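Sequences listed follow chains G and E, in order.
If you're matching positions, the first sequence starts at 115 in our numbering and goes up one per residue.
If you're matching positions, the second sequence starts at 115 in our numbering and goes up one per residue.
Warning: the hint list may mix true and false statements.
No distinction is drawn between identical chains; accordingly, a pair holds when it is met within one copy or between any pair of copies.
[Said to hold, decoys possible] Using 20 Å as the maximum straight-line C-alpha spacing, the simulated EDC-like pairs for lysine to aspartate or glutamate come out as follows: (1) Lys160 to Asp233; (2) Lys122 to Glu220; (3) Lys160 to Asp135; (4) Lys170 to Glu119; (5) Lys157 to Glu119.
To be clear, the hints were calculated from the coordinates, so they are not data collected in a lab.
All values reported here derive from a predicted model rather than from experimental measurement.
Number of protein chains: 2
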Amino acid sequence: MSFYENLKFDANGLIPAIIQDAGNSRVLMMAWMNRASLETTIKTGKTHFWSRSRQKFWMKGETSGHTQQVKDIAFDCDGDCLLIQVEQVGAACHEGYRSCFFRSVEGAGSKIAEPRLQDPGEIYGKPAK
Amino acid sequence: MSFYENLKFDANGLIPAIIQDAGNSRVLMMAWMNRASLETTIKTGKTHFWSRSRQKFWMKGETSGHTQQVKDIAFDCDGDCLLIQVEQVGAACHEGYRSCFFRSVEGAGSKIAEPRLQDPGEIYGKPAK
């Protein structure tokens, strides 16, 4: 049986994908995949997603050079979420942090919980590698 | 500024919450929260969710006893996903595995990637602790 039969894409044909650093287990980001982006992810070994805001297929790192090499793809008991282990090049977050989850709740507000690796201008101000 | 102002709940008033084991960083599950379930999670220190299939507010472990004690709540750069660190009692998965992501893609199929801790009947066949 193909594992695709275990997966449930939502009404828009999408499934959330949690991206985790295969080295230190830090959760880096969450993004959405449709079947075509998952197939391309498996075929190329680089993560590809579907942008809901831009309605566009994209490869992680296509602009920044911060690509993700896939090491493992797991899916949950309900088949409605993916967990993908990757080797991350540079910052996963477009704001220059290693992880998109760089802010934690503190009291009624929030705190920055990790150092910024790069200034966003530094990432996007020059051509993608 | 309240951190709630950084969060974007979707058209149904929901936000996905990734639940991670604070001890070993294993991603345990993903579930959905509305604002009330997030507020109750913060107030009680135990994770609460909104079930889309049952259209019902629920506390993780209310039936199984497998509760989650919250250690940290982070949110991503876009404010549309939560990452919550917890101390998990027993199996997070209703199928008796520590993590709901117990299956990984292997070739065209899948493999079980971790041992089952409990039989589901053992979890749900007796009253919740």
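Verification of the hints:
With identical chains, the CA atoms of Lys160 and Asp233 are never at most 20 Å apart, being 24 Å at best within one copy and 36 Å at best between copies. For the identical chains of this complex, Lys122 and Glu220 are inter-copy neighbours only, at 18 Å across copies versus 35 Å inside a copy, given an alpha-carbon limit of 20 Å. Proximity of Lys160 to Asp135 under the C-alpha cut-off of 20 Å is restricted to the intra-copy arrangement: shortest distance 14 Å within a copy versus 26 Å between copies. Taking CA atoms no more than 20 Å apart as the test, Lys170 paired with Glu119 passes in neither setting, with 25 Å inside one copy and 27 Å between copies.
Proximity of Lys157 and Glu119 under a CA criterion of 20 Å is satisfied intra-copy only: 18 Å inside one chain copy versus 39 Å between copies.
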